[in-house]
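Q: If you want the building blocks of each chain, they are given just below.
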Amino acid sequence: MEFTVKQIAALLGGTVDGNDSLKINQLSKIEEGKEGSISFLSNLKYEHYLYTTAASAVIVSKHFQPRQPVKATLIFVDNSYSAFSTLLEQVNRLRNIEKTGIEQPSFIADSAQVGDGIYRGAFSYIGENCRIGNNVKIYPQVYIGKNVTVGDNTVIHSGAKILDNTVIGQNCVVKPNAVIGSEGFGFAPQPDGTYRPIPQLGNVILEDNVSIGANTTIDCATMGSTIIRQGAKIDNLIQVAHNVEIGRNTVVAAQAGIAGSSKIGENCQIGGQVGVSGHLMIANQTKIAAQAGIMKSIKQEGLSMFGAPAVELKDALRSQVVYQRLPELEKRIHALENKLNNQ
Amino acid sequence: MEFTVKQIAALLGGTVDGNDSLKINQLSKIEEGKEGSISFLSNLKYEHYLYTTAASAVIVSKHFQPRQPVKATLIFVDNSYSAFSTLLEQVNRLRNIEKTGIEQPSFIADSAQVGDGIYRGAFSYIGENCRIGNNVKIYPQVYIGKNVTVGDNTVIHSGAKILDNTVIGQNCVVKPNAVIGSEGFGFAPQPDGTYRPIPQLGNVILEDNVSIGANTTIDCATMGSTIIRQGAKIDNLIQVAHNVEIGRNTVVAAQAGIAGSSKIGENCQIGGQVGVSGHLMIANQTKIAAQAGIMKSIKQEGLSMFGAPAVELKDALRSQVVYQRLPELEKRIHALENKLNNQ
Amino acid sequence: MEFTVKQIAALLGGTVDGNDSLKINQLSKIEEGKEGSISFLSNLKYEHYLYTTAASAVIVSKHFQPRQPVKATLIFVDNSYSAFSTLLEQVNRLRNIEKTGIEQPSFIADSAQVGDGIYRGAFSYIGENCRIGNNVKIYPQVYIGKNVTVGDNTVIHSGAKILDNTVIGQNCVVKPNAVIGSEGFGFAPQPDGTYRPIPQLGNVILEDNVSIGANTTIDCATMGSTIIRQGAKIDNLIQVAHNVEIGRNTVVAAQAGIAGSSKIGENCQIGGQVGVSGHLMIANQTKIAAQAGIMKSIKQEGLSMFGAPAVELKDALRSQVVYQRLPELEKRIHALENKLNNQ
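Protein chains in written order, with this note's numbering: chain S, 1 to 343; chain Z, 1 to 343; chain G, 1 to 343.
Derived by calculation from the structure, the hints in this document are not laboratory data.
Chain copies aren't distinguished; within one or between two, either way the pair holds.
In silico DSBU-like cross-links for lysine-lysine, where the CA-CA straight-line distance does not exceed 35 angstroms:
#: 1; residue 1: 146; residue 2: 6
#: 2; residue 1: 29; residue 2: 299
#: 3; residue 1: 263; residue 2: 62
#: 4; residue 1: 299; residue 2: 71
#: 5; residue 1: 34; residue 2: 263
Let the sequences and hints guide you as you build the complete structure.
A: Structure follows, in structure tokens:
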């Protein structure tokens, strides 16, 4: 793919300062720019790169005024960040010629129904009574058990395993090797010290526009449903235990774990490697810093939590500062004791 | 599936108070009850739900006396929790018509032997010299390398990878995309800063009644065996490194990691995201709270550990309480110093 | 396989003290020695096992002098540890008859090119325009998307997923169910609280001699490349986010996570369950203890870091010691206050 600066400026509704016939064949960060690449400058922290970048062109916001000579051709737009995003999406669309059709061998039960325009990759498996919508993409080596519903335009990447009775909405993405609807971890202790598995009869529901990361596991409910609400984004290697509910537009970063039956509110931001204990309620708009451990419900909306066990960020920071001075503190106490004893 | 309350009461050996001809078609938690569902009340913390639940029927213990009018039909039994478990298992049995037979295409080496009544899903792979017992279920896209033994009635779910020389006992469950017997992480540092891989010649042994979670990894031993003892239950996304041993009936929650050569005792409970360093011994009946970091062997049985580095729970709680008052403590020291200096 | 002690001593260039016609058929740790096994003694901490081991033979260093009678036959060599490694590698070579050839069914796009001497397992998938080198092993159920390059002698284990545009060097190992090149976790928040995915147009590059663990995920870059440099060893269940770079010969232990755009230096050692925040620089030779949380760049080379948030090990240990005495400290402050108030 190759475009001129002029073509790109036209696409973005921008104006050009410099040579508009330059050929562009890739996007780059401004600090990694090279001949033939186009970059953008939004955060002025990176302004110094503008004067040294080897990128052929840089998208900047229309009110930006360079303070030094710039070698690259500039494209002035209303909002450089969102213009660049548009460009990214454009390129993405051109690159991804949509896969459709059926590769062989693949397996589909007689009782399964699939919509139009779908892709079924080689070695994929669709079990009994599944209902697969239109334009769904099922990559190679995907497993879909029985009684599974998948909404229109959803993409299930290679190696993902969708177990019995799962319900997946429209426009979802399930990344490679994710496991959705595997049995929850429920065991009843017996008098002799062994454990008897508690049947897990529920399912998993992913509402529309949900994204599930690679190698993430979402267990089915004991009864009822484990639910990921509309628009929630779940990163890689995350554990979501049975009967958990994750609210609309909540974002969970990699390697976090949510224990059984906890309910996470809407528009929360949960950092990487966070742990949330079982049977808790987390209020809407809660922000939880990476590696925090949540051991109690959070009732007030919009708090920022930190540490393990987690406390409000402002309290955590105060204690932490003193923590790092603990040896000195101990010495001061010792000095006080000496002084007092010698009086 | 649909049953009357009368039929269910007969199954459980209970007596009915209310309309015993009501139709039941699902199980539910008492707080999520709806028409046609049956629930149970065991923990009296949830008693208030009994008076508002929309469930058609609720199983209660025979000595329970409602303190308010109840709309649902009640079934009185000896032990409501265990009666409900029985019901769960009954339903589970009815729902899971056991899969048997061979789906094509699937791959099996000529030298492999398989027992009776087994299921081999499409795209599953069984390598040379494997010995697979009776009634084993091997779901689609499972990989079983060479010289692997699998005992009777074991279930290996879709996408699990069982590498060379692994020994799996009877009645085990390996959940989707788990990896058993991959090479341990062993490298010898070289003088030039590079690392040379140390051959990992051992294997993994899962004894009987072991459960391995989705996307969990259990590495083979350098020499000898990594061993998961009888009845141990290992949740999702757990790392068990080479030469680890996990004792009988020990339960490990999601995302915990056990480093190389550590030995965990029997009937331990290891919380989510716990880390155990290498070459340690953990005594029987140890309980380790979620996110704890175990850096030393634990010799006394039955301790509860907390924190990172982990200490006994009671000590941890004491230090933690003071930790949260650190800023105040520092002020008190400062006040003392002022006072003393001004004397 | 069976060898005499004499044969092994000849292989290792060692001299024998004891019966050199004993038959050896396995390797063992000295504490797990049995008849027919050969062990080694390197770390003298384990010397007492030498006098009780049931191993038939033990490799020791030539200057070692037993202080008690030894039942096992001894083989004296220059360096017992490296001699034993040689033996391990020898046995490994004999055991692993190299797999080659093509198992069916397997899938390869017409436009893909593969070298000589390769193994393509059943149910493996190779997409359009791939370039696969010589002697590459692609195990069953591996997925390789389009435009992927794989260098000579690389091994990709069962179930690993290599997504579009990934570049893998020579002599790499990718373990089962690892996911390389899945889309990074990038979303632009919208005014209505939803998130719009940011196209991830970059790729992943694994340089030569890289090892990637089971169920590890390495996301593709937004633009440019996520890069794992030559000789780096990445363990199981690790998250490497988009645009991360991991330096040459750096070792990362299981379940660690590196957030987006962070650059890890060369010859670092990163412990298990460590978290590194996004957009940081970690200097060469940094050692990070297990479970630590790195929240700031580390500019000085060779530091040892500990704790969350991580500080230098020596500072961490000092604070930690006092932390465990916090309740006592508080009492001492209280005593001082009393004393002072009663003066």
